[in-house]
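Model the placement of chains B, C and D with the ligands on the given structure of chain A, informed by the hints.
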Amino acid sequence: EPAIIYDVGGKNDKSFNEAAFNGATKWATETGGTFKELEMQNEAQREQALRQLAESGANPIVMTGFAFGDTLNAVAADYPETKFAIIDMVVDQPNVKSVVFTEEQGSYLVGLMAGLASKTGTVGFIGGMDIPLIRKFGCGYAQGVMAANPAAKVVLNMTGTDGSAWNNPVKGAEIAKSQQSQGADVIYAAAGATGVGVLQAAADLKILSIGVDSNQNYMHPGSVLTSMLKRVDNAVYEAFKEGADLKTGINVMDLAAGGVDYAMDENNAPLVTDDMKAKVEAAKAGIIDGSIKVHDYMSDNTCPAATF
Amino acid sequence: MTKLPRWADVVLVPLICLAIAFVFCGILIASIGQSPVVALTSMITGALGTQTGWGYTLFYATNFMLTGLGVSIAFHASLFNIGGEGQATLGGFGVAIACLFFPWPHWSMALLGSITLSALFGALWALIPAWLQAKRGSHIVITTMMFNFIAYALISYLLVNVLKPEGTMDPATARFDKAFNLPKLADIFGAVGIPFSKAPPANIMLFVALGLAFATWVLLWHTRLGYAIRAFGKQEKAAVYAGIGPVRITLYALLLSGGISGLMAVNAVQGGAHRLVLNSVEGAGFIGIAVALMGRNHPFGIVLASLLFGFLYQGGNQLALATDPVTGEQLKIPREVIIVLQALVILFTGALPYMVQRPLEKLFAKLKGAA
Amino acid sequence: MDLIAILQILESTIRMSTPLLFACLAGLYSERAGVFDIGLEGKMLAAAFAGAAAAAVTGSALAGVLAGIGAALILAAVHGLASITFRGNQLISGVAINFFASGLTIVLGAAWFGQGGQTPALSEGRLAQTPILDLFGIDGHAHPVLELFLGHGILVYVALLAVPFTWWLLYRTRFGLRLRAVGENPAAVDTAGVSVVRLRYAAVGITAVLCGLAGVYMSMGLNTSFQREMTAGRGYIALAALIFAKWKPVPALWACLLFGFLDAISIRFQNIDLNGIGIPVVIPGQFTNALPFILTVIILAGFVGKAIPPRAGGEPYVKER
Amino acid sequence: MSLGTSSGRQATAAPFAIELRGISKSFGPVQANRDINIAVPKGTIHGIIGENGAGKSTLMSILYGFYKADAGTILINGTETAIPDSQSAIRAGIGMVFQHFKLVQNFTVLENIILGAEDGPLLNTSLARARKALTDLSREYDLDVDPDAVVEDLSVGHQQRVEILKALYRQADILILDEPTGVLTPEEADHLFRILGGLRDQGKTVILITHKLREIMETTDNVSVMRRGTMVGTVKTAETNPEQLAELMVGRKVLLQVDKDAANPGREVLRVEDLRVTTDGVERLKGVSFSIRAGEIVGIAGVAGNGQSELLEALGGIAEARGRIVMNGADLALKGLNGQSRREAGIAHVPEDRQVLGLIMDFAAWENVGFGYHNDPKYQKNAVLMDNAALRADTEAKMARFDVRPPIPTLAAKNFSGGNQQKIVVAREIERNPDLLLIGQPTRGVDIGAIEFIHKQIVALRDAGKAVLLVSVELDEIRSLSDRVLVMFDGQIMGERPPQTDERELGLLMAGMTEKS
Ligand SMILES: Nc1ncnc2c1ncn2[C@@H]1O[C@H](COP(=O)(O)OP(=O)(O)OP(=O)(O)O)[C@@H](O)[C@H]1O
Ligand SMILES: Nc1ncnc2c1ncn2[C@@H]1O[C@H](COP(=O)(O)OP(=O)(O)OP(=O)(O)O)[C@@H](O)[C@H]1O
Ligand SMILES: [Mg+2]
Ligand SMILES: [Mg+2]
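Residue numbers (this note's numbering), protein chains in the order written: chain A, 1 to 308; chain B, 1 to 371; chain C, 1 to 321; chain D, 1 to 517.
So here's chain A without its partners, still in its complex pose (with noise of 0.2 Å):
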């Protein structure tokens, strides 16, 4: 019986640990078979939760968040038996599968997207707290943003430092309303549960947002111009599928192995012209045949497009 953990956020946060339950709930209606699931309380539980799933025969234990790196590492070579994965997060050891992400890419077309929609040249980034993580979804969108107008202006915008900055949709909106005072008519927002209230408030202000992880374009249509969809639902499902022969090592999902994407559907169809589309396939055709390339904050620090 396979096993999921999910991060602090809990599985309800609307993107992330979300997306992963709907990867185990997808597998477990196929297949009809049952999983154990756990939402982390506290960081010392980590540790503890990894131990008694192996302990009691969970094979795969599927993760999700960089946070469990370290733990994992620690853990992973008691258990030679059980098969792990890890989401986010690089753990080198024989027993563990690696999925990281290559949010920068879906970041960038969603930026590409921005650029192109944007009739005041000016858009918004909301971030939920300044990790490199975040960082990292923040660079590839200004680096998009640029590619569709250089001479555009990304207003950035981390929500707090605390806990709550995760959970303060108000505040989320009040960022957005600031920041569409300063001209942005595209707003991004990377904030978790904060992320409800941009988007909402960007359907008030009848501007666009831009949804995160999962698609979140039903929330307003009309307004949600498109979600920057990190496919952690493929990965759980796979992790899922592939059962106690679990292929460990590192799995890049990237734009190519359709781990980052854009989203489309019927709530934002009318929001994109047919030249935005066609320049943002090309953009995604680059990045993946390589002649475009997007830098990833996390490989040296820095971003060309953007200071944080």
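Source of the hints: derived by calculation from the structure; they are not laboratory data. Don't take every hint at face value.
[To be verified] DEER-style ranges, computed between Cβ atoms:
id, chain 1, residue 1, chain 2, residue 2, range
1, A, Lys277, B, Phe102, 50 to 60 Å
2, D, Thr410, B, Phe102, 44 to 54 Å
3, D, Arg324, C, Arg311, 34 to 44 Å
4, D, Ala400, B, Val247, 37 to 47 Å
5, D, Glu152, B, Asn161, 26 to 36 Å
6, D, Asp403, B, Val247, 34 to 44 Å
7, D, Arg324, B, Val162, 56 to 66 Å
[Claimed, not checked] Per the computed footprint, the stretches of chain D lying under chain C, defined by three or more beta-carbons under 8 Å from a beta-carbon of chain C, are:
id, region
8, 320–330
9, 449–463
Nothing here was measured: the structure is a model prediction, and the numbers come from that model. Positions of the beta carbon are idealized from the N, C-alpha and C atoms, including for glycine.
Leaving out everything else, chains B, C and D with the ligands in the frame of chain A:
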């Protein structure tokens, strides 16, 4: 003035309150279609049924003991220091410095180093509020609250921009040198020939905390400073008559308070995570307030209250993994139920003992009458 | 910095201050009556949830508001029972209520809506955003100044009016006199033949109503759904504002506006890149995030003197030792 | 003869204003009232006396509905009346002036007076009427207080008046006063008694609790005596005398006046030069100079609130001052200091307000015995630890010597009655055997047994060649204890007089009038 025999007041009343709290939570669990019995048993076995469970329970309890003691000392000076969170956060920074930048020859030295630095940083983080309270009368509740927020910002800046190793996702320091890992209960008990589970992070800080609890008791009721702190806390004007300097006592009380709260980080960071992560305190500072209040600001009560909360934490973690013994299926109990349980325990044992005392008094009176 | 920016910051200040103001006045009633209440946060959260939930189900904003107030009242009743009737520790009871709300909102939300504690987004059940402008058919974006003063939901004006009303109630009415008295010396009230218990329950009730409005304003006005922990510590900030204001209504308004203003500022100016003006440093975002709190301490220490709480505050009224 | 028991029959004939039957009340372990019977005829002033802790206040608080009796019944004007709370007491026409005032400190006099007796939901109407009524009352009984003064700024004497006005405003026809004169000057007291006489003549009934037998003899019609929670008996005032009452009360003969032989003053212990104290902007002590020599008691007479408190606090190191304080020839610091430094200089201080300064009310008696002396080597086990055992032992000894009741070192200060609290403070300070004893209102609210005892201690200290500065609003006390009397008015010393000086002259000085004027 309660008419109850002391043992009933100290033991019976809290137990009954606890029972009531669990009954209410049982109702909640049942109402979401889960078995309260299974839930409770899995909590108890999970937290107290195994060595590992005990280990974790004690690990969490250690955190709460330290923050609780910190809060209580300030309370005795009638200063409501709600900055334990921030002080412990800074304490974590102190631990990180001690464990990252010093080539200690032995864990014991590392422990001394991190204890010193974490206490120092914790105390420093309380110093400005303390000074403002003493000199400017700036209300300690506001200043310490603000310093919590400032601490979060500071630590996240330090982790993301200064302490984080190149190329890692995690806003956290590198792992500390293994040599600095604190001896776990397994090692300590092992040394005296008692086998104990290696898994849980409970470590030597448990004994440090217990020692501190005793030291706090001595300080408050057997030293001049403690006497002065309590007198000042009761009647500030009278304290001046008695020759107790308000400024001095305010500073001492809050520095002690902040220092002890800072020590919590040694247990959590050096003892548990072996590295400093964002939010390494995880609300222990606030739990410390509840613990101090429920322990009636007495070190002994605080130790008991921390054990209770350690149990709730660990039991809660286990609850999330609990499986139905019959169907073998995992219980579907959202983790928030545990928060509600904590709330009920705080409410009934902490705020409603009188509700139980009165009927008990009547009962005891009857029994006396009968006898 | 241009006029528009200033207007925007002021507008943002008003929006951000409103929940604080409601909560701060809420605390004022309770604490002026001698019942400390650090459970404001919990009551706001519960109200935010109940309001959004009820509005989502019924599609009626009014039902939502009432439900929100009702939820706050229930928690207030618990606080009253613990700290007035059963003479419990008011701080503990408050802490418990905060935990309780933070957990239960999500448990119930998950059970009722299956969205992990979140409530469905409101459409018609939402509080009107700019009722006054709409009434006169004014386009806010076209008239930023009008928008600043008239472009807010009804609750914003309710909050602002609650200030003079509270002042009047406190200093001009029998109820206010007794309320202030019971917070200063309950024995005086008792020996004057007035029920301490009833007064304190009344105060705690008013507190709940205001907390309720604070909560629904967040989940049904500024947002269209409840999110876990969405009050994000505003209950505590309101408490700070209350002390800042020395438990007085008019100063409370200034304190809350100040906090809101500092927030708006820090939102407007994230990591400021001084390279633009030739200085090779970027003030990190974390600093601007912390700025409101740093400034609060400075202002408090610099300009606000000692705050003396109501003398009988925090103490249950016990005659017989 | 005793009215208390025969009350039942008389009830039918001439109903008593108040009749209490079998009242019992206990606070935890303490039995404050045990099966109390008392009957108060209409239109009389009825005195209640008894030692500290005898249960007088408790009994009256029960009558006023502040405490609930464990047993017993209350009859008002012959009809049994349940008084579960003060509201019903007020409705039954009872008004009470508590020993420890029940005023809202930061309210104005007017706000305090109308509290609970407002006319309508809006204040200004009530305030207007109260202002009017207040001026009338003030004229009628000439009890003048500024209606708009904030209570915390008023002297205790004036706060006392506010309490009385509160009761009168509510038109009580049964008025209970619990030790009303404890804080009044003789003039104020006489004045109060004239008022009470007036009330009686209007047919109102007054119950007066006091420790001052003179007041009992001068004003009451009947007097009931309580001891250790029981009612010893009720007698007609006309048919008794102070000595008898004292004996009934204490259960032994009591010396009602101090016997001390002439002082033989030695070297100068304390010299004060042009001492000034300013508290929140107002100069309360305006250049005071005097000196005290070893072996003499210097009494400071004066109406409360004329700078005596500031003088004591300055000398005691609590209030900052300007000028000079010379103790045993050495100058004492006047700023940035606290009580400690003074104790080291050989000064002991019994503060005027024991509950605010002298004691930590929540501390046990034994902790309070160490209060101010917690750094004393004899209470230390070693460099780190205090020797609590020694402190407890010391407390037991002191409690025995000073007859503190109940003699339980672990009982919290707040659970002792006023008089016994005072004994604890006096014991603590006098037994330091200081060069100079500052003692303010030593016998405020203290029963005659204790007064006799405390006075003996003060004289003994003097005879041991120590200097004593005595501050009291009790002229009797000043005159019977002091060797020299200084009269203070408006922060200045109006003059020095020998203790034999007659009350009138001292009274004039206390009012700020010198003979010439
Ligand atoms: N009794 C009163 N009648 C009318 N207005 C008042 C009264 N007391 C205070 N105010 C006004 O209310 C505001 C704050 O009152 P104040 O400064 O007196 O606080 P406070 O003294 O703490 O109040 P209180 O005396 O009731 O405790 C100020 O605007 C003051 O003018
Ligand atoms: N609220 C209370 N709680 C506990 N004990 C009390 C309380 N009030 C009084 N007592 C105790 O009851 C006894 C009687 O107290 P009471 O105040 O009636 O005496 P009293 O005759 O008024 O003394 P005094 O002359 O000093 O005023 C004392 O032992 C006192 O300590
Ligand atoms: Mg009395
Ligand atoms: Mg005022």
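Hint by hint, here is what the structure shows:
{"no.": "1", "hint": "A:Lys277 with B:Phe102: 50 to 60 Å", "verdict": "holds, 58 Å"}
{"no.": "2", "hint": "D:Thr410 with B:Phe102: 44 to 54 Å", "verdict": "holds, 50 Å"}
{"no.": "3", "hint": "D:Arg324 with C:Arg311: 34 to 44 Å", "verdict": "holds, 37 Å"}
{"no.": "4", "hint": "D:Ala400 with B:Val247: 37 to 47 Å", "verdict": "holds, 39 Å"}
{"no.": "5", "hint": "D:Glu152 with B:Asn161: 26 to 36 Å", "verdict": "violated, 54 Å"}
{"no.": "6", "hint": "D:Asp403 with B:Val247: 34 to 44 Å", "verdict": "holds, 40 Å"}
{"no.": "7", "hint": "D:Arg324 with B:Val162: 56 to 66 Å", "verdict": "holds, 59 Å"}
{"no.": "8", "hint": "320–330", "verdict": "violated (count 0)"}
{"no.": "9", "hint": "449–463", "verdict": "violated (count 0)"}
Comparing the model with each earlier hint shows violations of hints 5, 8 and 9; every other hint is respected.
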